[in-house]
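Novice: Please put together the full structure from these sequences, using the hints given.
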Amino acid sequence: GIQVEQSPPDLILQEGANSTLRCNFSDSVNNLQWFHQNPWGQLINLFYIPSGTKQNGRLSATTVATERYSLLYISSSQTTDSGVYFCAATNAGGTSYGKLTFGQGTILTVHP
Amino acid sequence: KAGVTQTPRYLIKTRGQQVTLSCSPISGHRSVSWYQQTPGQGLQFLFEYFSETQRNKGNFPGRFSGRQFSNSRSEMNVSTLELGDSALYLCASSREGLAPPFFGPGTRLTVL
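Chains as they are written, first to last, in the numbering used here: chain A, -18 to 93; chain B, 7 to 118.
Since the hints were made in silico from the structure, they are not lab data. These numbers were taken from a predicted model, which means no experiment stands behind them.
Pairwise CB distance ranges, derived in the manner of DEER restraints:
{"#": "1", "chain 1": "B", "residue 1": "Ala8", "chain 2": "A", "residue 2": "Pro20", "range": "18 to 28 angstroms"}
{"#": "2", "chain 1": "B", "residue 1": "Ile18", "chain 2": "A", "residue 2": "Ser(-12)", "range": "33 to 43 angstroms"}
{"#": "3", "chain 1": "A", "residue 1": "Ile(-7)", "chain 2": "B", "residue 2": "Lys7", "range": "33 to 43 angstroms"}
Covered, in the sense of this in silico footprint (three residues per stretch, anywhere, with C-beta under 8 angstroms from a C-beta of chain B), are these stretches of chain A:
{"#": "4", "stretch": "4 to 14"}
{"#": "5", "stretch": "17 to 24"}
{"#": "6", "stretch": "77 to 83"}
All C-beta atoms, glycine included, are put in the ideal place defined by N, C-alpha and C.
Specialist: Next up, the structure:
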């Protein structure tokens, strides 16, 4: 099956700094999502981005499907951005996105 | 529109017991998937149900089972609990076809 790798595993920032999280995937995908896991464990959808670029406030994401990677950009980070960020993907050719393969996550800590 | 709901939110069981977890999808969503999250293995896919049929299955022993009802609500069952089954169990729902899933708050299971 598809493999998803995220880097870096840990990231420590001062408030106001910018950061880039990377996700590499081993095969063609028809779904690529970024999630933020809140302190209570719920996965919050950030982006559905199998290809191209999207922006939502201070967050943006780019997926280059032909090169099998995706990037999540966080600008002007805030302490509330702290938490774990996951990338997840589904193999191309499937009929649903119900079988996601997750990366190991990036633990982001933003200090005031 | 209400999100995905999971019950119970917390559960403590002892080894050898069995447990049933419930997931109610977002209204109109017919696909329900289950994931297990542990510190050692990360987020792993358990199974996906669509229209009361199991559509995909992860690599878990037969002690893990699930079902889906005609109203799309789903349950998963773990029999003969082991200490290693302690985890956060997450449920996700999505519309029919290629649509990104949305996650519930999870059920945190502790096996003593």
